[in-house]
Amino acid sequence: MIELKDVTKVYYKGTPKEVKAVDGISLEIAKGEMVVLKGPSGSGKTTLLTLIGCLSRPTRGRVLVAGKDTSRLQEPFLTFHRRMHVGFVFQQYHLIPDISVYENILLPLYPLDMTSQEMEERVEDALRKLRIKGKEAYRAKDLSGGEQQRVAIARALVTDPEIILADEPTANLDTHLSRDFLKIMDGLKEEGKTIVIASHDPLVYEHKGVDRVIEMRDGRLVGCS
Amino acid sequence: MSKERHKHILSFSITSLLRRKGKNLSIFLIYTLMVFLLGSVVFFVSAIKREAATTLKGAPDIVVQQIRAGRHDLIPTEYMEKVRTIRGVTKVIPRVWGYYFDGPTQSNYTIIGMDGESYEAFRDRIPFLSPEEAPIGNGKVLIGKGIARSRGLKRGGHFYLLRSDGGLKTFEVSGIFSGRSSLLTHDLIVMSEKDVRELFLIPARYSIDLAVYVRNKEEIETIARKIGEVLPGTRAVIKEQITKSYETVFGWRSGLVFTALLGTVLAFAILSWDKATGLSADERKEIGILKALGWRIEDILEMKFWEGLTISLTAFLAGIILAYIHIFFFGSYLVAPAIKGWSVLYPPFNLNPYMDAGEVFMVFFITVVPYTVATLIPVWRSSTIDPDEVIRGI
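Chains as they are written, first to last, in our numbering: chain H, 1 to 225; chain V, 1 to 394.
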């Protein structure tokens with residue numbers, strides 16, 4: 001499903017601030033697998049996720065997602081690929097704070113040429129699945145951290161992507177809400193979704209539903225269990 | 001189905017506009033003010049030029065004046081015969097008129113004497129004045145609204161003017177011109193030729209000038225030259241010269257006002273440009289999020305285009321409507337003194353409502369188009385960068 005071949009990502013290339021966030025990583029993740037990228041802050045987990053999620057392009061190497069070499073794709077195709085295959089849950093959720101929960105979940109559907117009714121059905125489904133029904137009229141900024149995370153997951157799922165990427169999803173949650181999140185991920189895994197989570201929370205990488213834990217340090221893979 | 005996408009993006013644009021009420025409202029107000037100022041100048045100049053052109057429409061093709069010692073003097077009416085002999089001349093009318101300074105109101109009146117044919121022709125140009133209510137002769141006169149107001153006169157009222165020999169002459173107001181003809185009639189008194197002669201002591205065989213009408217308008221210049229040859233010591237002024245002087249005066253003045261406005265407009269433009277083009281960190285991040293969620297560059301540009309267009313178009317319409325009301329219904333208070341300047345007419349000064357589509361388009365083109373484009377440039381820059389970098393602010 002996901003294949004990285006000798007992938008390197010350099011930020012601020014050619015400037016004094018140049019930093020190699022990911023350094024020559026090769027990795028394969030199968031369809032339906034739940035993988036955790038583990039490592040301390042600055043180890044390159046988030047960068048690796050953004051490369052898999054087509055939010056950025058590698059400086060060197062190849063990223064193949066759903067059979068497509070996304071590192072060679074032009075912007076419009078990359079956007080299309082992202083839209084059709086990837087759902088991303090950001091660490092800070094990145095919801096638009098001043099609009100409603102409903103509108104936040106709708107956002108990925110706007111460019112899809114769907115009818116209002118189809119969109120409504122999808123959002124209702126996501127609201128139900130994430131147990132946030134009744135909160136749809138709230139503005140995102142008025143929700144608790146756990147609720148915001150659910151909205152972020154609902155937004156990632158509303159297009160029914162094959163791949164779910166989550167960046168430090170439990171960083172701002174208590175143990176109870178973290179377990180809730182993992183339950184949701186288990187459910188998605190059962191649906192056949194491929195899940196990649198970047199986290200340094202033991203609760204996540206020790207979770208029984210996780211198939212593989214990949215350890216990173218200084219932009220490199222240092223272990224796999 | 002593509003229609004659905006546009007509909008959803010438009011709907012999100014409107015939500016977006018409402019989310020940034022403060023910023024958008026300030027841009028809206030600045031733009032409305034800018035369009036209002038530009039629109040006011042454009043409307044005023046074009047309406048006043050139009051009024052001037054309408055005024056000159058019925059004017060004689062050539063006006064012959066007697067020049068003595070370099071100054072305009074009375075012209076003998078016997079000259080009419082000599083002018084009539086020139087081939088191509090259809091009509092020659094001796095005109096008696098003059099200016100009267102009214103001490104108590106500190107204003108100048110224009111007094112025109114008319115009889116028979118000339119009065120008919122004049123009435124045709126002022127169609128809203130019906131003949132039944134406006135007879136002239138034997139001391140009965142028509143007066144402009146400005147005179148009526150400054151002297152507190154109504155129809156049927158009486159007033160006095162000082163004759164050139166110091167004696168008093170009484171007049172009765174038989175009609176007051178409507179405000180719609182202000183440019184032509186605000187300071188005007190129309191009376192019979194006999195009354196003008198008595199007031200200004202103009203001898204019977206003289207007039208102020210001769211109005212000459214020509215059959216073929218192509219021959220006006222040739223005929224004017226011939227008049228100069230037949231009547232040495234006279235000056236033949238052709239209508240085109242008068243039109244040009246009007247245009248020069250208004251063109252020069254409006255240019256002056258535009259230049260004076262330029263500083264203000266430029267300051268507004270810089271401020272608006274800055275507001276429009278400067279994306280806040282939040283806005284940049286939002287673009288990154290939308291891209292991460294699968295929005296195409298064109299979707300984001302479309303959304304921002306609708307935002308920019310909504311603000312600039314509503315500001316444009318509001319500014320144009322306000323300018324229109326200001327110029328045509330509120331006496332052009334802000335721009336009239338600067339552009340009019342020349343006037344012996346006393347304000348208020350109402351112009352006939354008139355809108356030139358080309359000029360409105362020009363104001364549209366120099367306000368809405370640059371603003372809309374300006375809003376798209378930074379958005380395009382942000383939306384072409386990888387979403388990861390935009391979100392992280394790299």
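The reader is advised that the hints may include incorrect statements.
[Claimed, not checked] Example chain H residues on the side facing chain V (calculated, C-beta under 7 Å, incomplete):
no., residue
1, 50
2, 55
3, 56
4, 60
5, 61
6, 81
7, 88
8, 94
9, 100
10, 107
11, 108
12, 110
13, 120
14, 124
[Said to hold, decoys possible] Distance windows between CB atoms, simulated:
no., chain 1, residue 1, chain 2, residue 2, range
15, H, 16, V, 355, 30 to 36 Å
16, H, 115, V, 370, 55 to 61 Å
17, H, 206, V, 26, 49 to 55 Å
18, V, 369, H, 191, 22 to 28 Å
[To be verified] Calculated cross-link-like contacts (lysine to aspartate or glutamate; reagent style EDC-like; alpha-carbon spacing at most 20 Å):
no., chain 1, residue 1, chain 2, residue 2
19, H, 20, V, 282
20, V, 285, H, 121
21, V, 7, H, 118
22, V, 21, H, 215
23, H, 20, V, 386
24, V, 21, H, 162
25, V, 3, H, 75
26, H, 68, V, 386
27, V, 7, H, 75
28, H, 208, H, 191
29, H, 141, V, 282
30, V, 7, H, 174
31, V, 285, H, 98
32, H, 141, V, 283
33, V, 7, H, 103
34, V, 285, H, 120
35, H, 17, V, 386
36, H, 68, H, 162
37, V, 7, H, 206
38, V, 3, H, 118
39, H, 13, V, 283
Keep in mind that the hints were calculated from the coordinates and are not lab data. Don't be surprised by glycine CBs; every beta carbon is placed ideally from N, CA and C.
Against the structure, the hints:
Look at residue 50/H: its Cβ gets to within about 4 Å of chain V, closer than 7 Å, so that hint holds up. Interface restraint check: residue 55/H against chain V, minimum CB-CB distance 4 Å, threshold 7 Å, status holds. Because the smallest distance between the Cβ of residue 56/H and any Cβ of chain V comes to about 4 Å, under 7 Å, the interface hint for this residue holds. A least Cβ separation of about 15 Å between residue 60/H and chain V goes past the 7 Å threshold, and the interface hint is therefore violated.
Against a cut-off of 7 Å between C-beta atoms, the interface hint on residue 61/H is violated, since the closest Cβ of chain V lies about 16 Å away. Hint on residue 81/H is violated. Least Cβ distance to chain V is approximately 9 Å, over the 7 Å limit. Annotation: residue 88/H was flagged as interfacial toward chain V, and the flag holds, the nearest CB pair being 6 Å apart, inside 7 Å. Taken as an interface hint, residue 94/H checks out: its beta carbon lies about 5 Å from the nearest beta carbon of chain V, inside 7 Å.
Taking 7 Å as the C-beta contact cut-off toward chain V, the hint placing residue 100/H at the interface is violated, the least distance being around 9 Å. For residue 107/H, the shortest C-beta to C-beta distance to chain V is roughly 5 Å, which falls under 7 Å, so the interface hint holds. Because the smallest distance between the Cβ of residue 108/H and any Cβ of chain V comes to about 4 Å, under 7 Å, the interface hint for this residue holds. The interface hint given for residue 110/H is met, as the beta carbon of that residue sits about 4 Å from the closest beta carbon of chain V, less than 7 Å.
With a least beta-carbon distance of about 12 Å to chain V, the hint placing residue 120/H at the interface is violated under the 7 Å criterion. The criterion of a C-beta within 7 Å of any C-beta in chain V is not met by residue 124/H, whose closest approach is roughly 17 Å, and the hint is violated. For residue 16/H and residue 355/V, the Cβ-Cβ distance of about 60 Å falls outside the hinted range of 30 to 36 Å, so the restraint is violated. For the pair residue 115/H and residue 370/V, the beta carbons lie near 37 Å from each other, so the given range of 55 to 61 Å is not met.
Judged by the Cβ atoms, the range 49 to 55 Å given for residue 206/H and residue 26/V holds: they are separated by roughly 53 Å. Residue 369/V and residue 191/H have their C-beta atoms about 50 Å apart, which leaves the hinted 22 to 28 Å range violated. Taking the CA atoms of residue 20/H and residue 282/V, the gap is near 27 Å; set against the 20 Å cutoff, the hint is violated. Note on residue 285/V and residue 121/H: the hinted pairing is violated, with a Cα-Cα distance of about 28 Å set against a maximum of 20 Å.
The hinted pair formed by residue 7/V and residue 118/H meets the criterion: a straight-line CA distance of about 14 Å does not exceed 20 Å. The suggested pairing of residue 21/V with residue 215/H is violated, with an alpha-carbon distance near 47 Å, which exceeds 20 Å. Between residue 20/H and residue 386/V the alpha-carbon distance is near 17 Å, which keeps this suggested pair within the 20 Å criterion. As the CA atoms of residue 21/V and residue 162/H are separated by approximately 38 Å, the hinted pair breaks the 20 Å bound.
A distance of roughly 23 Å separates the Cα atoms of residue 3/V and residue 75/H; the hinted pair therefore is violated under the 20 Å criterion. Proposed proximity of residue 68/H and residue 386/V is supported: the alpha carbons are some 18 Å apart, at most 20 Å. Between residue 7/V and residue 75/H, the direct Cα distance comes to roughly 24 Å. Violation of the 20 Å bound is thereby established for this hinted pair. About 17 Å separates the Cα atoms of residue 208/H and residue 191/H, which keeps this hinted pair within 20 Å; it holds.
Proximity of residue 141/H to residue 282/V is assessed by CA-CA distance (about 14 Å); at most 20 Å being required, the pair is judged to hold. In summary, the hint linking residue 7/V to residue 174/H is not supported, as the alpha carbons are separated by about 40 Å, beyond the 20 Å threshold. The suggested pairing of residue 285/V with residue 98/H holds, with an alpha-carbon distance near 14 Å, which does not exceed 20 Å. For the suggested pair residue 141/H and residue 283/V, the alpha carbons sit about 16 Å apart, so the restraint of at most 20 Å is met.
Of the supplied pair hints, the one linking residue 7/V and residue 103/H holds, its CA atoms being roughly 14 Å apart against a limit of 20 Å. Between residue 285/V and residue 120/H, the direct Cα distance comes to roughly 26 Å. Violation of the 20 Å bound is thereby established for this hinted pair. Note on residue 17/H and residue 386/V: the hinted pairing holds, with a Cα-Cα distance of about 19 Å set against a maximum of 20 Å. Taking the CA atoms of residue 68/H and residue 162/H, the gap is about 14 Å. The hint holds against a cut of 20 Å.
With a C-alpha separation of about 46 Å, the suggested pairing of residue 7/V with residue 206/H is violated against the 20 Å cut-off. The straight-line distance between the Cα atoms of residue 3/V and residue 118/H is roughly 15 Å, inside the 20 Å bound, and the hint therefore holds. Straight-line distance between C-alpha atoms of residue 13/H and residue 283/V comes to about 25 Å, which puts the hinted pair past the 20 Å bound.
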